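Spelled out, the chains give:
There are 2 protein chains.
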Amino acid sequence: MNLLFKALNDDTRRQILELLKEDNLTAGQIADAFNISKPSISHHLDILKRADLVTSEKKGQYVEYTINTTILEDVLKWIITLKQ
Amino acid sequence: MNLLFKALNDDTRRQILELLKEDNLTAGQIADAFNISKPSISHHLDILKRADLVTSEKKGQYVEYTINTTILEDVLKWIITLKQ
DNA sequence: TTAATATTTAGATATTTGTCTAAATACCTA
DNA sequence: TAGGTATTTAGACAAATATCTAAATATTAA
Chain A
-19 MNLLFKALND DTRRQILELL KEDNLTAGQI ADAFNISKPS ISHHLDILKR ADLVTSEKKG
41 QYVEYTINTT ILEDVLKWII TLKQ
Chain B
-19 MNLLFKALND DTRRQILELL KEDNLTAGQI ADAFNISKPS ISHHLDILKR ADLVTSEKKG
41 QYVEYTINTT ILEDVLKWII TLKQ
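Residue numbers (the working numbering), protein chains in the order written: chain A, -19 to 64; chain B, -19 to 64.
Mixed in with the good hints there might be a few duds.
All copies of an identical chain are treated as equivalent in the list; a pair is satisfied when it fits inside any one copy or across any two copies.
For lysine to any residue, the following SDA-like pairs were computed, each having C-alpha atoms within a straight-line distance of at most 25 Å [to be verified]:
1) Lys63 - Glu2
2) Lys57 - Asp32
3) Lys29 - Lys57
4) Lys57 - Asp12
5) Lys57 - Thr35
6) Lys(-14) - Glu(-2)
7) Lys57 - Ala13
8) Lys57 - Met(-19)
9) Lys(-14) - Lys39
10) Lys18 - Thr50
11) Lys29 - Tyr42
12) Lys63 - Ile21
13) Lys63 - Val43
14) Lys63 - Ser17
15) Lys29 - Ile16
16) Lys(-14) - Thr49
17) Lys18 - Lys38
18) Lys63 - Glu53
I should point out that these hints are in silico values taken from the structure, not numbers from a laboratory.
Nothing here was measured: the structure is a model prediction, and the numbers come from that model.
Between the sequences and the hints, there should be enough to build the whole structure, so can you do that?
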């Protein structure tokens, strides 16, 4: 839960998730969407991965990232419980 | 949105919200529930207030805090949109 | 009005976080 | 195999954050 909220607590990472919602993208394609260095984006992707919000698959020399929204159920449940 | 995620990105603050879900509490009562100094709790309450997750009302020499869950709709919507 | 209680503000400090550049690693292709 | 491209790792640094103690403010009650 902590890892999840931590991962979501950054605008760049939330934007990455919104991008990946539309399409799987390689690390480079994601980096190109931001005015941030590739290593920084790589770091953000690592945080998203550790929170299980994305998965990655090596495709030749590229690494393709995919969003995993199932983990967001946990956040939804926590919030909905709080609202009841 | 940023303020909201920031406020939720701390275990103590999430626990404060869970306490306030059960009952309105004064700043002191909230502080008593944690092994953290009163000024630190006061600071957490300020962050929750700025995110509009709680409201406060002065009652004599006490300050009573109330949870505001309506603002969580924004987070729910963001997550649900991401999942679709 | 003075003393006690409740809360917040101020200021300090250690830790975490987001960013960068440089270097390392992995893969592809000529 | 050598050179180029894609990505990650390492290390440094500034800014943000969570915490503390001490002091200030506000309210109540003797």
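Evaluation of the provided hints:
For the identical chains of this complex, Lys63 and Glu2 are inter-copy neighbours only, at 11 Å across copies versus 30 Å inside a copy, given an alpha-carbon limit of 25 Å. With identical chains, the CA atoms of Lys57 and Asp32 are at most 25 Å apart both within one copy (17 Å) and between copies (20 Å). For the identical chains of this complex, Lys29 and Lys57 are neighbours both inside a copy (21 Å) and across copies (22 Å), given an alpha-carbon limit of 25 Å. Within a single copy, Lys57 and Asp12 get their C-alpha atoms no closer than 34 Å, and across copies no closer than 27 Å, so neither meets the 25 Å cut-off.
Both within a single protomer and between protomers do Lys57 and Thr35 lie at most 25 Å apart by alpha-carbon distance, with minima of 22 Å and 23 Å respectively. In this assembly of identical chains, Lys(-14) and Glu(-2) lie within 25 Å of each other by CA distance both inside one copy and across copies; the values are 17 Å within and 18 Å between. Taking CA atoms no more than 25 Å apart as the test, Lys57 paired with Ala13 passes between copies only; the shortest distance there is 24 Å, against 31 Å inside one copy. Taking CA atoms no more than 25 Å apart as the test, Lys57 paired with Met(-19) passes in both settings, with 11 Å inside one copy and 19 Å between copies.
When the C-alpha separation of Lys(-14) and Lys39 is checked against a cutoff of 25 Å, the pair qualifies neither within a copy, at 28 Å, nor between copies, at 35 Å. For the homomeric pair Lys18 and Thr50, neither the shortest alpha-carbon distance inside one copy (27 Å) nor that between copies (38 Å) is at most 25 Å. Proximity of Lys29 to Tyr42 under the C-alpha cut-off of 25 Å is restricted to the intra-copy arrangement: shortest distance 16 Å within a copy versus 44 Å between copies. Taking identical chains as interchangeable, the C-alpha atoms of Lys63 and Ile21 lie at most 25 Å apart only when they sit on different chains, with a minimum of 22 Å there against 34 Å within one chain.
Within a single copy, Lys63 and Val43 get their C-alpha atoms only as close as 39 Å, which misses the 25 Å cut-off; across copies the closest is 22 Å, which meets it. For the identical chains of this complex, Lys63 and Ser17 are neighbours neither inside a copy (39 Å) nor across copies (28 Å), given an alpha-carbon limit of 25 Å. For the homomeric pair Lys29 and Ile16, the shortest alpha-carbon distance inside one copy (19 Å) is at most 25 Å, but the shortest distance between copies (32 Å) is not. For the identical chains of this complex, Lys(-14) and Thr49 are neighbours both inside a copy (16 Å) and across copies (20 Å), given an alpha-carbon limit of 25 Å.
Taking the shortest alpha-carbon separations for Lys18 and Lys38, only the intra-copy value of 17 Å comes in at or below 25 Å, while the best inter-copy value is 50 Å. Taking the shortest alpha-carbon separations for Lys63 and Glu53, both the intra-copy value of 15 Å and the inter-copy value of 9 Å come in at or below 25 Å.
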